[in-house]
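Participant: The primary structure of each chain is shown beneath.
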Amino acid sequence: MNKELIQDAELVSNYIQGNENALSILIERHKQRIYSFIYSKVYDRDITEDIFQDTFIKVIRTLKLGKYNEEGKFLPWVMRIAHNLVIDHFRKNRRMPKFDNAGEFSIFSVLSDSSLNAEKSIIKEQVEKDVRRIIEELPDDQKQVLMMRMYQDMSFKEISERTGVSINTALGRMRYALINMRKVIEQKNIVLTN
Amino acid sequence: MAKIYSTKTPKNINLKPKDETVSFLLNYSKALSVINYNKLKFEALLN
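In order, the protein sequences belong to chains A and B.
The first sequence runs 1 to 194 under this note's numbering.
The second sequence runs 1 to 47 under this note's numbering.
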């Protein structure tokens with residue numbers, strides 16, 4: 001049997017009827033596309049692995065529960081699930097932010113620390129002031145996303161709706177905002193730790 | 001400040017999930033059983 005000729009819709013139908021091999025073909029067919037997509041957002045192999053797994057657990061459960069409506073769009077549907085899980089990951093991670101810091105000290109752990117003594121309070125104030133100055137130097141689109149995300153606690157969905165761009169664009173702008181901030185900090189030798 | 005975008009092109013990394021992950025998913029699927037009872041659906045993981 002030539003697996004290439006079997007459309008996704010047919011494989012999905014076969015799987016729902018109990019053919020487990022159909023799932024194997026679907027995963028094999030699309031795994032690289034989905035995995036690459038997730039990795040392009042989180043840039044961490046372990047997290048990508050987790051999100052990939054969670055994505056397909058959701059796919060499997062939805063199909064087995066008979067909640068999937070076949071509209072010939074299996075892959076876009078799976079990608080949407082993966083996309084939403086990526087956003088959930090960023091939301092959860094915000095409580096312990098780790099945007100590309102690769103194990104280095106995270107500035108936002110200072111900004112969100114509420115149990116500070118007087119000396120640390122003064123340092124915190126200065127750091128916040130410096131961070132705001134750096135943010136002011138960002139290009140408008142990156143500054144806007146960063147302010148909405150970090151200071152107005154908006155989700156990327158809300159940001160994308162408010163600014164009229166896709167969630168991917170909003171995520172990208174946030175990423176570049178942080179990259180640019182790091183470059184400015186490095187170039188100007190700004191110290192943001194206590 | 002100019003927009004600073006990375007000019008490095010990403011390396012062609014072989015981006016795919018581990019075999020163990022795929023294997024887990026297939027096993028999970030085989031183990032997952034949905035039981036219908038009076039308009040309710042129950043998920044059970046069989047050994």
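Everything labelled a hint here was simulated from the structure, so no lab data went into it.
Among the hints, a few may not be true.
[Stated by the list, open to error] Taking lysine-lysine and the DSS-like style, the derived pairs with C-alpha atoms no more than 27 Å apart in a straight line are:
hint, chain 1, residue 1, chain 2, residue 2
1, B, Lys30, A, Lys67
2, B, Lys39, A, Lys67
3, B, Lys16, A, Lys58
4, A, Lys120, A, Lys157
5, A, Lys183, B, Lys30
6, A, Lys58, B, Lys41
7, A, Lys92, A, Lys124
8, A, Lys92, B, Lys30
9, A, Lys129, A, Lys64
10, B, Lys30, A, Lys120
11, A, Lys31, B, Lys39
12, B, Lys30, A, Lys64
13, B, Lys30, A, Lys143
14, A, Lys64, B, Lys18
Quick caveat: nothing in here was measured; it's all calculated off a predicted structure.
Participant: Name the hints, by number, that the structure is in violation of.
Facilitator: 4, 5, 8, 9, 10, 11 and 13
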